[in-house]
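Colleague: Those sequence lines, one after another, are chains A and B.
Quick note on this note's numbering: the first sequence kicks off at 1 and runs consecutively.
Quick note on this note's numbering: the second sequence kicks off at 1 and runs consecutively.
None of these hints come from the bench; they were simulated from the model.
Cβ atoms here follow ideal geometry from the backbone N, Cα and C, with glycine treated the same way.
Treat the hints loosely; a few may be bogus.
[Claimed, not checked] Derived Cβ-Cβ restraints for the label pairs, each shown as a range:
1) B:Asn-31 / A:Leu-112: 28 to 36 angstroms
2) B:Glu-48 / A:Thr-60: 36 to 44 angstroms
3) B:Glu-48 / A:Pro-38: 39 to 47 angstroms
4) A:Phe-250 / B:Ala-230: 25 to 33 angstroms
5) A:Gly-223 / B:Leu-2: 50 to 58 angstroms
6) A:Thr-188 / B:Leu-18: 51 to 59 angstroms
7) A:Arg-14 / B:Phe-43: 48 to 56 angstroms
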Amino acid sequence: MDDVVEIRGLCLKRGQRTIFSNIDLTALRGKITAIMGPSGCGKTTLLRLIGGQLRPDSGTIAINGKLINTLSRAQLYQIRHGMGVLFQSAALFTNLSVFENVAFPLREHTQLSEFMIRDIVLIKLQSVGLRGAANLMPNQLSGGMARRVALARATALDPGLIMYDEPFTGLDPIALGVIVKLICDLNTALGITTILVSHDVQKVMQIANYIYLITDGKIIDQGTPQTLQDTQNPEARQFLQGLPDGVVPFHYPAIDYTEDLFY
Amino acid sequence: MLWIADQLVLLGQAVLNLVTNLGRSAIFLWNILYRKPHLKKGFPLLVEQIYFIGVLSLLIIMLSGLFMGLVVGLQGYSILDKFGASQQLGQLVALSVIRELGPVVTALLFAGRAGSALTAEIGLMKSTEQLASMEMMGVDPLQHVISPRFWAGCIAMPLLGTIFSTIAIFGGYLVGVVWLGLDSGAFLSVMQASVSFSSDILNGIIKNIVFGIVATWIAVFQGYDTVPTAQGVGRATTRTVVYSSLAILGLDFVLTAVMMRSW
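Please work from the sequences and hints to get the whole structure.
Modeller: What follows is the structure, given as structure tokens:
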């Protein structure tokens, strides 16, 4: 089976607002699938749906053939052992050191000895270049370092699927380069299926195998980076080229300007 | 007429919200009780939380208890002396502290010191996505974060209440015997003769336990249910103190009314 994540006919509403309307999406095994779209379009919500933290109003979400929106809590927690998530805020446990943060999933889900846990944690921290920071606390880390530690923690159990929520936001160029390299390395070296949520067009075009563009709860375009560069879809072109005005207007809907000024 | 209808709608919404929140908090409590702490992994977490909630509250509880005892001793002496009954000071101090002041003041202090800290901590964990990341690692935050804090509060509160009452009685003794010159033997023997273990001390402990459960329940629920913003955490913390204080005072009346039958 090549599809690790398969979403069909996904619909989600919050009150009167439609978040997703009939979304079909597939993440192929061992590939980097990117989900792009403007801020507030529901990209993070989509990751929460895939992770089973939210349930859709209709449609199906399957991970390795298992419909996660029909699983019990225990089954869902079991599936999450094979899943890693890198949150935008890194979400490190602030009361634990870097070492203990990475060791956390190992202690919770395995019966490994302390020696084994120590070795695995050091290997994971070495892979993100932070073995020397093992004894630091999260408040002593920069944003980029915190995200690298979170990445080490997300991969501690060697997951088959890893999801990144805005991994490039708020990083300096060096930290950005490091994160891009790590995402690529994890994908190519370990064959981890990757779902990447971002609105950084340049970086996503550089590393993704397949891209979905979401706006207003719908997939407006999809394809490989090469095909999307030549897209004729005006909304997709506006987003990818970063044009301030177009199908998505510069101005928030309002009454006529002159009428408003001379009221 | 329209204004009255609007007010009725608002009242109806407020009642519905109240019932909904009560229902949600009851389900939340059930989920905490249902998820028994894991003995091997949960015990260290429980001990850690008893330290944070109980031990770190000791100073404020002991100081408050001492001052409360001093004040009750002083006030009681001035009133009893008018009737030539100053020898009964031991009884007055002991009964007022054991039956009422000890449990109520300890619970109010507990809500202000430990309850607000619990809400803020859990609320911040939620707003920084620590709870979400734990969930995505397949670790149940209710079991790992909420349950140890809840049980620690339930265990710490009766102990703090007992310490408060003991020190308050000592404060009354200091004022009555050391300062105002009452006979030490009379103070203690009157107290011993008038305080019953089953109807006074036990009832005081029952109040402590009930207040501990309610105050901790409110604190952890408000933290877990907080809107994950700085403002949301602030409001949740305020709600914890307000709701806990009202619940403690209201329950105190109910419990006292029930317990008076046996007095």
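Colleague: Each hint should be assessed against the structure and marked as holding or not.
Modeller: For each hint, the structure was consulted:
In this structure the supplied range 28 to 36 angstroms holds for B:Asn-31 paired with A:Leu-112, their Cβ-Cβ distance being about 29 angstroms. In this structure the hint that B:Glu-48 and A:Thr-60 lie 36 to 44 angstroms apart at CB holds, the actual value being about 42 angstroms. In this structure the supplied range 39 to 47 angstroms holds for B:Glu-48 paired with A:Pro-38, their Cβ-Cβ distance being about 43 angstroms. Range check, A:Phe-250 to B:Ala-230: Cβ separation about 30 angstroms, and the 25 to 33 angstroms hint holds.
A hinted range of 50 to 58 angstroms holds for the C-beta pair A:Gly-223 and B:Leu-2, which are about 56 angstroms apart. Distance hint check: the CB atoms of A:Thr-188 and B:Leu-18 are about 55 angstroms apart, consistent with the given range 51 to 59 angstroms. Checking the proposed 48 to 56 angstroms range against A:Arg-14 and B:Phe-43 shows it is violated: the Cβ atoms sit about 40 angstroms from each other.
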